[in-house]
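Note that the protein sequences, when read in sequence, are chains Y and P.
Numbering of the first sequence is given in the numbering used here, commencing with residue 6 and proceeding in unit increments.
Numbering of the second sequence is given in the numbering used here, commencing with residue 295 and proceeding in unit increments.
There may be inaccurate statements among the hints.
[As the list claims (entries may be wrong)] Once the Cα atoms are required to be at most 16 Å apart in a straight line, the calculated EDC-like pairs of lysine to aspartate or glutamate come out as: (1) 66(Y) with 20(Y); (2) 115(Y) with 334(P); (3) 107(Y) with 369(P); (4) 66(Y) with 25(Y); (5) 63(Y) with 20(Y); (6) 66(Y) with 90(Y); (7) 76(Y) with 90(Y); (8) 74(Y) with 59(Y); (9) 115(Y) with 90(Y); (10) 303(P) with 369(P); (11) 115(Y) with 25(Y); (12) 54(Y) with 395(P); (13) 107(Y) with 334(P); (14) 54(Y) with 71(Y); (15) 107(Y) with 395(P).
[Claimed, not checked] Stretch-level coverage of chain P by chain Y, calculated; a stretch enters the list once three of its residues show a Cβ under 8 Å from a Cβ in chain Y: (16) 336-349; (17) 395-405.
Calculated from the structure, these hints are not laboratory results.
For every residue, glycine included, the Cβ atom is placed at its ideal position computed from N, Cα and C.
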Amino acid sequence: AQSVSQHNHHVILSEAASLELGCNYSYGGTVNLFWYVQYPGQHLQLLLKYFSGDPLVKGIKGFEAEFIKSKFSFNLRKPSVQWSDTAEYFCAVNAQSGGYQKVTFGTGTKLQVIP
Amino acid sequence: DSGVTQTPKHLITATGQRVTLRCSPRSGDLSVYWYQQSLDQGLQFLIQYYNGEERAKGNILERFSAQQFPDLHSELNLSSLELGDSALYFCASSVAKRLGEQFFGPGTRLTVL
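My request is simple: use the sequences and hints to build the entire structure.
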């Protein structure tokens with residue numbers, strides 16, 4: 006069965022600190038990987054995605070993620086966080102299963118950035 | 295604005311009642327997904343429809359059902375409501391013929407009293 010693990014449930018950082026949020030998935034086939042962000046009171050928005058090619062993916066607002074196939078990981082990074090990055094971050098995996106796509110989300114990581 | 299619309303934005307009802315949540319996908323998207331987001335359960339995938347047909351089921355209770363209509367809008371029906379059903383219900387859409395990202399609607403906040 007497909008699963009996604011986000012190791013950190015709640016992260017607190019000061020502004021300008023570096024961020025790395027872990028995401029591991031379990032699925033043996035071809036996957037597409039996503040990070041979504043949910044700002045307080047808002048709906049989920051796509052931050053970045055990996056389909057194929059360069060495993061280092063750059064997204065919006067200075068975020069990037071690296072797909073490491075051998076580790077089944079897709080960690081999210083940002084060199085210097087801002088207060089406006091306070092949000093909940095979800096890792097998601099799409100995979101083809103039985104003729105249709107199946108999507109699985111991680112449990113989310115709440116990031117709190119202190120000014 | 296993702297292009298996905300959901301109505302109503304807020305819904306307050308009593309235990310035992312039945313409600314219907316509505317979702318209109320982005321123009322051209324054939325696939326609709328329903329999710330439940332609550333504090334204790336996180337973001338849970340409920341069900342997916344593609345071009346009117348059910349394609350995948352997640353953690354959807356038997357008291358819940360959904361359908362996708364010929365115009366591709368979808369409705370999620372929640373019946374015999376319990377206090378624990380209080381949550382944000384999101385709809386998302388995607389093209390779905392190829393693997394891709396989902397576009398989320400603003401959600402419907404359901405409060406069961």
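Hint check:
A hinted pair counts as satisfied when its Cα atoms are at most 16 Å apart, and residue 66(Y) with residue 20(Y) qualifies at roughly 15 Å. Only pairs whose Cα atoms come within 16 Å are accepted, and residue 115(Y) paired with residue 334(P) is accepted, the gap being roughly 14 Å. A hinted pair counts as satisfied when its Cα atoms are at most 16 Å apart, and residue 107(Y) with residue 369(P) does not qualify at roughly 20 Å. Between residue 66(Y) and residue 25(Y), the direct Cα distance comes to roughly 15 Å. Compliance with the 16 Å bound is thereby established for this hinted pair.
The straight-line distance between the Cα atoms of residue 63(Y) and residue 20(Y) is roughly 21 Å, outside the 16 Å bound, and the hint therefore fails. Taken as a hint, the residue 66(Y) and residue 90(Y) pair is honoured in the structure, with Cα atoms around 9 Å apart against an allowance of 16 Å. Of the supplied pair hints, the one linking residue 76(Y) and residue 90(Y) is violated, its CA atoms being roughly 27 Å apart against a limit of 16 Å. Only pairs whose Cα atoms come within 16 Å are accepted, and residue 74(Y) paired with residue 59(Y) is accepted, the gap being roughly 12 Å.
With a CA separation close to 10 Å, the supplied pair residue 115(Y) and residue 90(Y) stays within the 16 Å bound. Of the pairs offered as hints, the one joining residue 303(P) and residue 369(P) holds, with about 14 Å between alpha carbons and a cut-off of 16 Å not exceeded. Restraint check: the Cα-Cα separation between residue 115(Y) and residue 25(Y) comes to about 12 Å, which is no more than 16 Å; the hinted pair holds. With a C-alpha separation of about 8 Å, the suggested pair residue 54(Y) and residue 395(P) falls inside the 16 Å cut-off, and the hint holds.
Restraint check for residue 107(Y) and residue 334(P): the C-alpha separation of about 23 Å exceeds 16 Å, so the hint is violated. Restraint check for residue 54(Y) and residue 71(Y): satisfied, since their Cα atoms lie roughly 10 Å apart, inside the 16 Å limit. For the proposed pair residue 107(Y) and residue 395(P), the alpha carbon gap of about 12 Å is at most 16 Å, so the pair holds. Look at the region 336-349 of chain P against chain Y: 6 of its residues bring a Cβ nearer than 8 Å to a Cβ of that chain, three or more, so the hint holds.
Chain Y is given as covering the region 395-405 of chain P, and this holds because 7 residues of the stretch bring a CB closer than 8 Å to a CB of that chain, at least three being needed.
The earlier numbered hints that this structure contradicts are 3, 5, 7, 13.
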